[in-house]
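Asker: Model the full assembly from the supplied sequences, consistent with the hints where possible.
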Amino acid sequence: MSDTLLELRSITKSYPGVQALRGVDLSVGKGEVVGLIGENGAGKSTLMKILGGVVKPSSGSIVIDGESRTALSVKDAAHAGIAFVHQELHLFENLDVAANIYIGREPRRGGFLNLIDNAALHQRVKPLLRRLGVDFAPDDPVDALSIAQRQMVEIAKALSMDARIIIMDEPTSSLTLTETDKLLSVIADLKAAGVSIIYISHRLSEVKHCADRVVVLRDGRQVGELPKGQITSGAMVRLMIGRDLKSLYIPPKVGIRRGGLELRNFVTSAFPERDVSLMVHRGEILGLAGLVGAGRTSLAQTIFGVHTAKGGQILLDGEPVTIRTPADAIAHGIYLAPEDRKKSGLLLDMSIAENISLPDLKRFAKAMLVDTSREVSVATEQCRSLSIKAPSIDTDAVTLSGGNQQKVVLAKWISMAPQLIIFDEPTRGIDVGAKGEIYALMRGLADAGVAILMISSDMEEVIGVSDRIAVMHEGGISGILDRSQFSEHNVLTLAVGNLGKEDLGKEDLGKEEVVTHA
Amino acid sequence: MLKKELGLFLLIVVIGSITAAINPQFASQVNLMNLANQIGLFGLISIGVGLVIITGGVELSVGSMFALLGIFFLDMLVNYEIPWPISLLITIAAGAVLGSIHGLLVTRLKMQPFVVTLCGLLLYRGIARWYTADSTQGFGYGGGYETLEWLMSGRTYNIPHTFIFLVIVAIVMSVVLHKSVYGRYLFAVGKNEEAARFSGIPTTTVITMAYVIAGTLAGISSVFFVFYTQSVSPSAHGNFYELYAIAAAVLGGCSLRGGEGSIVGIVLGTVLLQVLQNLVNILGIPSSLNFAVMGAVILLGVLADQQLQRRRQRRLAMASAEARELTAKEGTAGAAV
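The listed protein sequences correspond, in order, to chains A and B.
So the mapping is simple: our numbering equals the position in the first sequence, first residue as 1, plus 967.
So the mapping is simple: our numbering equals the position in the second sequence, first residue as 1, plus 93.
Hints listed in this document are in silico derivations from the structure and should not be mistaken for laboratory results.
Take every hint as true, because none was put in to throw you off.
No farther apart than 27 Å at their CA atoms in a straight line, the calculated lysine-lysine pairs in the DSSO-like style are these: (1) A:LYS1042 - A:LYS1023; (2) B:LYS272 - A:LYS1310; (3) B:LYS272 - A:LYS1329; (4) A:LYS1309 - B:LYS203; (5) A:LYS1309 - B:LYS272; (6) B:LYS203 - A:LYS1310.
Answerer: Encoded structure:
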């Protein structure tokens, strides 16, 4: 394990306005499993993209087999034996297992006819599958395989390329417990065979189980390294947090009022075995934290009627309401500002005015004909009150900045007497100045008696803006925090959801007692 | 938005002038009225198909519908001697029913519009041929529908009723598409169905309605065509007409990706196609070249349009960059204060 295969030396990467990596060092030895952890946005994905040759670092060097270079190309990475098993699997579902493993590198025959030599192909794939001990055959179609099996196909693909380092990005996020165990045992076998692994996961118990060493990233920096003996969930969480959070909090003028939206044993199709019970009061901003994939977006979209609920009840001010389509939700004053503004929040090719009037167009119509002058006056009014910066209300939404686009999304709901507004990642891709304006708008709505549910993966935002925080873990609510209990540590502890008791006991921060585990 | 239509109009004027210069017959009243009749016949269905194209779908079955509904109409009128107002209404209703079936298959069962309407094309043609044993159907010697005949194929002030009817439908549909709530929804759904759904628009109803309108217009057109051809030969009647309609819509600015198009454009697209057909006759170009001329003009037209679009996109990108810079500056200025 002493010989180093790969070494990254003080890698930095800056994008316009963002410093994604600031001098990260990382080394991987032969047959070593390195756990790489950090919060959403800590810089893990950028680092992996650099290793894959997709992104060029701004400075620093990459040393492979003692040879130093400033950047890798995709070809270099493959040549150096770096392979990926992605969170979203990149497989051709319409082809069989063998074809997927050797895609682009098929053994050929027949000279210029370039026919695929299927016999040779299967000859090469069989030993790979045997090595992984899988329960499917080379000619099984991929769309008949489970997620776990597909992952094995990806690993087989990596092995077929003589990979020396396999990077696994959240490999277990969609696996069951037994499948996870199976994957961990495959990792142990690979390690024994001298293959190195970089294991990226939010699931600290898995990292603890399989890693020889853990590297922690925070805000683009390498903030710590834990050798085998010191890998505990507590130590990992402690390293992942600890930055100073700027205060974004705008205290409520009025505070919580009676009523609001209540979910009772609410079940989404994304996590059919979990149910969610949650209350969002009028006048409060309830932050909904959790790791990517915890089921927050599908919860929001199910409340809004995009997906059908599998069970449970929605109550608005104590009255049960039935929501089957977004139109039902809108009729009850329940609105969603979706995560993907460009795809589902706005019609980019339509003007600001047309976007604002769209969900309530009938109100703008006389005898089913759109009254353009009313449309113009409402849009002008909203543009002024939300200070949307655009040449005119006839401007197409596509030309606006992220912050102004988000304000247009809000403008359409604000003019429709909102009861509950769900913000899904309200400030993603929005610059700092506009963020503050969005937060002020949210607070203004809450003070006006609207219930606000804010999904956010940005720790600063969720702690800085919320009045209370509900934390989701694998489809369920793992805890609810009051302002006095807000800390990055508490949110993260609930978000990873699998802290052992012994780890909590070792903590000396004195805040665990007040964390309410649901 | 009107630039595209203006360009198309100018193109028609130029082509028309050149043709008239070569052969003055083109501008004769007889020829122009004949042309107007053709435009009326084909424009009606192009509007219906255009609406479906704006949803991002396509309607391939209208030619076969003309055959099936034409035979259906003649059978009621001639063989069963059903009074013409009832025959007419039933035929139109049948068109609407076929359209709604297409719409429901597309929206509820999530089938692809191309597949649904291609099957319609095969199915309706097949039924029409089987029902008549491939024999041509005509009016025979019956009577009692002179009023209808006048309505469908007559002229007022020498203007063909088909053309007058097209103008009326075009005005009504223009208002529906460009002024009404439904029209706005149609464009929204065609542009981005997901965002439309997230805005609470009943997307399935909006899309289904487009197919129903197309079917209804096909029903009305069927009767116009029966009176135009005076007989229906089930294997040939209306062949390729769906392609004329799609071509007119595309020439008129409808994008097959959905979300774009205008009624004026579709009507002008029809006019251009019919002028081209007429020009082939008038200039003595072998009529076997008919399709080739049409194909070439559509290809060039859409190519030119795409180049203009690309230029517009580039301008938009620049405008958007400027707008962002503007807000960024204001943002920092705000922070400094």
